[in-house]
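Participant: Whole structure, please, built from the sequences with the hints as guidance.
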Amino acid sequence: SAVISQKPSRDICQRGTSLTIQCQVDSQVTMMFWYRQQPGQSLTLIATANQGSEATYESGFVIDKFPISRPNLTFSTLTVSNMSPEDSSIYLCSVTLAGGFMDEQFFGPGTRLTVL
Amino acid sequence: AQTVTQSQPEMSVQEAETVTLSCTYDTSESDYYLFWYKQPPSRQMILVIRQEAYKQQNATENRFSVNFQKAAKSFSLKISDSQLGDAAMYFCAHSEGGADGLTFGKGTHLIIQP
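Chains as they are written, first to last, in our numbering: chain A, 1 to 116; chain B, 1001 to 1114.
Since the hints were derived computationally from the structure, they do not count as laboratory data. Given the structure is predicted, the values throughout are model-derived calculations rather than measurements.
Partial list, computed: chain A residues near chain B (C-beta under 10 Å):
| id | residue |
| --- | --- |
| 1 | Ser42 |
| 2 | Thr96 |
| 3 | Asp103 |
| 4 | Phe107 |
| 5 | Gly110 |
Where a beta carbon is used, it is the ideal one built from N, C-alpha and C, also for glycine.
Facilitator: Below is the structure:
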């Protein structure tokens, strides 16, 4: 197992601003992913965070809106840019662990974002 | 494209009884992975159980077991001896493995009646 932390745990932001969410893992990681969970909804994959290269985005998500960095194996950031109330969601990072099953994802505690 | 369908928005069960949550999925792959995740009010996603599609044996983790029917593309979760702490949203998820992310169903809200 691993400890996956996210900062901040929650935030309230004004429309038009940006927020950067951090995800840190205390173990060696192979893959890192970012998901969005809109209020009362399921989780939707935003992108795969690739170490040292551009993230791979899912249909409907673009780099200008959700820039992602992954400077090393155990750390990634997701920025929500030019926010609108529709961006109010829980944002979660997930990882697969080195030495574990390649398909088995473990999730961070999530960041609850409210945009006014 | 992969899809995951959970047809039960909400289920209720008496404490100590058994409940089964349904999940169906669609994929064109022959090799893939299926999961059940639990999300309590704390919103932490907790992996409950994992199934490899190429394994015919149903996965089991203590009180949690699955009924995996590959031909029917069905993956139900059985919770035995339900406990109050089992109350949560349960999400069924599919992955084609490796670098792929998860595709989730809409979830089933499980209520445990004391």
